[in-house]
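> Take the sequences, apply the hints, and build the full model.
Number of protein chains: 2
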Amino acid sequence: MGETPMGRAFTRPERDLVPDDELAVLRELADRVRELTEATVLTAVDSAEAAAVSAEVAALTARLNARRREAPPFNTTGTGRMGRQIGNPVTGLINPIAPPVEVEVGDDGIARAEITLNDAYEGPPTFVHGGVSALILDQVLGMATAAAAGPAVTAGLELRYRRPTPLGVPLRIEGKASRVEGRRVYAGATISDPEGRVTVEATATFVLLGP
Amino acid sequence: MGETPMGRAFTRPERDLVPDDELAVLRELADRVRELTEATVLTAVDSAEAAAVSAEVAALTARLNARRREAPPFNTTGTGRMGRQIGNPVTGLINPIAPPVEVEVGDDGIARAEITLNDAYEGPPTFVHGGVSALILDQVLGMATAAAAGPAVTAGLELRYRRPTPLGVPLRIEGKASRVEGRRVYAGATISDPEGRVTVEATATFVLLGP
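Quick note, the sequences are listed as chains A and B, same order.
Those letters in the first sequence? Residues 130 to 340, per this note's numbering, in order.
Those letters in the second sequence? Residues 130 to 340, per this note's numbering, in order.
Think of the hints as simulated: they come from the structure by calculation, not from any bench.
In this text, all values refer to a predicted model and were calculated from it rather than measured experimentally.
The C-beta atom is built at its ideal place from N, Cα and C for all residues, glycine as well.
Be a bit skeptical, because a hint or two may be false.
In silico contact screen, one side only, chain B against chain A (beta carbon under 10 Å); selected entries [stated by the list, open to error]:
| id | residue |
| --- | --- |
| 1 | Ala153 |
| 2 | Glu167 |
| 3 | Glu178 |
| 4 | Ala181 |
| 5 | Val186 |
| 6 | Thr190 |
| 7 | Ala195 |
| 8 | Pro202 |
| 9 | Pro254 |
| 10 | Gly260 |
| 11 | Val336 |
To give an idea of the chain B side of the interface with chain A (calculated C-beta under 7 Å), a few residues [as the list claims (entries may be wrong)]:
| id | residue |
| --- | --- |
| 12 | Leu158 |
| 13 | Val182 |
| 14 | Arg196 |
Written out as structure tokens, the structure reads:
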């Protein structure tokens, strides 16, 4: 791979900055939309009621779009750039697509999270979609890498699925950057089930951003 | 990897079956919730209005939950089991998390899709989250594999990120199973930008389900 395309500057986006008090309100809104998302996947109301709710949802969307940003905002107080990306589809507190996974990077350099995934993330019946596991691991690997060496983008990601990952129970995710070589960072991460068995294992290569 | 855990039967879920006319209504509902999701990520309304909308969203969720299924329903007429999984987080028409990616498998065995991703799928500013690309590729690889050899689960997935994948423009995704060896199927897939350049390349190993 040529480094140029992946190494290009992602670094100076102009974004609205949302202070913590506004973030709390937007987070609440996203939590409610998450619940609506799960309800949409599981509802068994009759078609007339579903259609009536659709119309009401459209009206609420119009209210939110009355003032709309050009791009997702950032938060002022999150840790590192990834911590500020509140619109992120894995960790983003204001993004209803994100479970959201709350990642903490310890002094030992290990990025840790615990998450219970609902039916909206289902792949094989009753289990987490393999691609959802990949999505979460990519993010945790990126955050471990950012903590160890600075912001970076994924160049390669390798996943080994050891056993099915269950929905509806707390999963543990851990990731750590193992090695920095020039602009490349190597990292590993796992998802474990409540019995402590690794369900998915990932290794990744990142390319550091910036000059 | 022991094959036993991944090879366990995912094959006989008891699911409600949604006929096409009900599916159309639920699909409409999911489309509206998708728009609400994007609006949630981008809204700049004041906190009072955001809080008011939150409360209304909660009320709509309660209406949908008045009759709630135990698990996501299937559709009766989709192609193959994956085609029937209307709650799937990549292709599922009734899942607001899914973009949704509409995949068609041709007579040549190639699974093809075209999708434009909005700001809710952002990773590096203005680009698709690397994990979202992984999520989509895993699904397309699985569908190409299912078409070639039958339903299967991912055992291994390898991604190479060649250049950033842009948001807001039509992306082309193609996948194909290349080889079947016993219960293992090998497949490859790519995401290409509107200029036809491959942005992400994936290879995967699947394990066939069933007896």
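> Hints first: check each against the structure and report whether it holds.
Hints, one by one, checked against the model:
The restraint placing Ala153(B) at the interface with chain A holds, with a minimum CB-CB distance near 9 Å, inside the 10 Å limit. Because the closest C-beta pair between Glu167(B) and chain A is about 8 Å apart, less than 10 Å, the hint holds. Nearest Cβ of chain A to the Cβ of Glu178(B): about 7 Å, under the 10 Å cut. The hint holds. Against a cut-off of 10 Å between C-beta atoms, the interface hint on Ala181(B) holds, since the closest Cβ of chain A lies about 8 Å away.
Look at Val186(B): its Cβ gets to within about 4 Å of chain A, closer than 10 Å, so that hint holds up. At its closest, the beta carbon of Thr190(B) sits 5 Å from a beta carbon of chain A; the interface hint therefore holds under the 10 Å criterion. Taken as an interface hint, Ala195(B) checks out: its beta carbon lies about 6 Å from the nearest beta carbon of chain A, inside 10 Å. Interface restraint check: Pro202(B) against chain A, minimum CB-CB distance 8 Å, threshold 10 Å, status holds.
The beta carbon of Pro254(B) comes within 4 Å of a beta carbon in chain A, closer than 10 Å, and the hint placing it at the interface holds. Because the smallest distance between the Cβ of Gly260(B) and any Cβ of chain A comes to about 3 Å, under 10 Å, the interface hint for this residue holds. Of the supplied interface hints, the one on Val336(B) holds, with its beta-carbon coming within about 9 Å of a beta-carbon of chain A, less than 10 Å. At its closest, the beta carbon of Leu158(B) sits 5 Å from a beta carbon of chain A; the interface hint therefore holds under the 7 Å criterion.
Contact between Val182(B) and chain A, as hinted, is supported at the beta carbon level, the nearest pair being about 5 Å apart and thus within 7 Å. At about 4 Å, the closest approach between the beta carbon of Arg196(B) and any beta carbon in chain A falls short of 7 Å, and the interface hint on this residue holds.
Checked against the numbered hints given earlier, this structure breaks none of them.
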